[in-house]
Amino acid sequence: MSRPLMQHLEVPVPDGEGERYSLRMGPQHPATHGVLRVDLELDGETILACMPQVGYLHRGIEKLAESRTYAQGLILTDRLDYIAAMANNVGYCVAVERLLSISVPLRAKYIRTMVAEMSRICSHLLWLATHALDIGAMTVFLYCFREREILLDLFEELCGARLTFSYPRIGGVRQDVTAGFISELQRFLDIFPSKMEEYETLIDTNRIWLKRTVGVGKVTGEEALALGLTGACLRGSGIDYDIRKHQPYDAYGLVDFEVPLGRDGDIYARYRCRMEELHQSARIIQQCIDQLPPGPIVGPDAPDLVMPAKASPRIAAGATTYGAGLIKLIRDRGPYLAGDIYVATEVPKGELGFYFISDGSSRPYRMHIRSPSFIHIGAMAAIAKGGLVADLIANIGSLDIVLGESDR
Amino acid sequence: MESMAIADRLRAEFPDTILHTYTHQGQTAVVVRPGRIVDILRWLRETDGIRMNHLRSLCGVDNAGRQEQGLSRFEVVYNLYSVSLRHEIRVRAAVDDGEAGIDSVVELWSGADWLERETYDLLGIRFNNHPDLRRVLLPDDWVGYPLRKDYPLRGAEEWSGMTELLAKVKELDQYGFDPQGHAPGQAAPSREDSP
Chain A
2 MSRPLMQHLE VPVPDGEGER YSLRMGPQHP ATHGVLRVDL ELDGETILAC
52 MPQVGYLHRG IEKLAESRTY AQGLILTDRL DYIAAMANNV GYCVAVERLL
102 SISVPLRAKY IRTMVAEMSR ICSHLLWLAT HALDIGAMTV FLYCFREREI
152 LLDLFEELCG ARLTFSYPRI GGVRQDVTAG FISELQRFLD IFPSKMEEYE
202 TLIDTNRIWL KRTVGVGKVT GEEALALGLT GACLRGSGID YDIRKHQPYD
252 AYGLVDFEVP LGRDGDIYAR YRCRMEELHQ SARIIQQCID QLPPGPIVGP
302 DAPDLVMPAK ASPRIAAGAT TYGAGLIKLI RDRGPYLAGD IYVATEVPKG
352 ELGFYFISDG SSRPYRMHIR SPSFIHIGAM AAIAKGGLVA DLIANIGSLD
402 IVLGESDR
Chain B
14 MESMAIADRL RAEFPDTILH TYTHQGQTAV VVRPGRIVDI LRWLRETDGI
64 RMNHLRSLCG VDNAGRQEQG LSRFEVVYNL YSVSLRHEIR VRAAVDDGEA
114 GIDSVVELWS GADWLERETY DLLGIRFNNH PDLRRVLLPD DWVGYPLRKD
164 YPLRGAEEWS GMTELLAKVK ELDQYGFDPQ GHAPGQAAPS REDSP
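Chains as they are written, first to last, in the numbering used here: chain A, 2 to 409; chain B, 14 to 208.
This is chain A alone, in the form it adopts within the complex (with noise of 0.2 Å):
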């Protein structure tokens, strides 16, 4: 009795066959996190093949980092992931420390596994506002944002930087922590649980966000092994793999936390890894303040401007010597042992890897960034294949990539 709604409208309706086209998603697209770019082949919605380009934000960071001392090679860091700078600060002292056998103080090793975690919990709250968002929750949008400020705040009380911080330092962190930052800091960790519980409350079981997520984007354990997924990514498929845990740094061996894992591979699975791993940040955050140790919170052999404790007469006596001492301040401690070695540290985005040559000179020979997520966007035209336009958006925010890091 009823004519079919658009029997009138001249507008081809796709039947499935015969309506291939390519469609470039990006790079200014706003659910693609930033300048990236997927080539689509699709039949109606479908993508039959999908294609990632990146490099739109290449800066040659490995490139520049040859030119620079170990030290001076700490600010580029900053600029890969640019939501968790901490995280990847932490990556590099780490691996740098290895390479050229530096020693770090306990508290030191307790203040960088803090500021790392909280860098998680920034990181996952950015994660969670923007997939919600581009799943059309946008409530959760404004929450992790209210959240997350605190936490900006609480950086910027620390080391003067909101987004680019260079806090620690190869050998120990660069100023001390503060009874009133720890102080705040336990403000937040006391009311983090209620907000945690706000977010779960709006999507958990929320019906569209499971539709969504759940079964969508399947990733089995050995396919997320052989892509190269790391991090939540890789968990949410059910493999146990987190540095943390498989070789800790830092004070992780001191903590205590569990590493939580998915079953189904799916969004919704990865979802709940990184749900999970807030709860566990604030408890690895809680345990570092309760054991936080007194003691100095840079070694003796750090390759790094040593600010005096205090002004030493030559600095005191006049303008010109106070240059002077600046400068011996900023100091080359080679020759440094040669070798080359790999470290990874367990970032919010995944395994940031740094393998380093050093050939002895105060410069890293070369310095290789293994970047989570640029494999994770390597690894996106086989999960997303297949599936829907819009579970490829799912997708993306379901990888958490950052394309500062993907890029370099």
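Derived by calculation from the structure, the hints in this document are not laboratory data.
Some hints could be false.
[Stated by the list, open to error] Derived SDA-like pairs (lysine to any residue); straight-line CA-CA distance at most 20 Å:
1. K64(A) to G78(B)
2. K64(A) to R79(B)
3. K64(A) to V156(B)
Starting from the known structure of chain A, fit chain B onto it as the hints suggest.
Here is chain B on its own, set in the frame of chain A:
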């Protein structure tokens, strides 16, 4: 298993291919000839008790500036890890000629696809049998391989597509855009900088 024990088993399995092994800062590395790299990595991946199922990183190195004796011009470095057995090893394949290159390991780890493209892009090392060996980070028409040690660090040269791009901007422009305002060769005076 201890990494050195794995290296010894590898040497027994591929006696002609292994050049030498060493341990530095607790990490064991094996330097190999590139010819049988796929066989070596397959053996490491699939032998019981070794099971290096995670390719942590794959990168290239240009050895042109290194002082050590007996190094090849290039190297491709594979960092492997066993997620189930928790041990690691590094394989360094000595590649003398970037153009002749080395065999691709995409058949073992599909994730190696982009890592090999990156190595090709930045160092110009070819990967034979790679399904789609194109540049990945740099534009397709880029000239040269930036991570090579002989790549110039400073200079006033411009990307080859720039002239075309400026002409396009001029064509679409409504506000009196002057392409001469963006002329090459006006970079700050360069100072000597060692790589």
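Here is how each hint holds up against the structure:
{"no.": "1", "hint": "K64(A) to G78(B)", "in the structure": "holds, 14 Å"}
{"no.": "2", "hint": "K64(A) to R79(B)", "in the structure": "holds, 16 Å"}
{"no.": "3", "hint": "K64(A) to V156(B)", "in the structure": "holds, 16 Å"}
Hint compliance for this structure: every hint is met.
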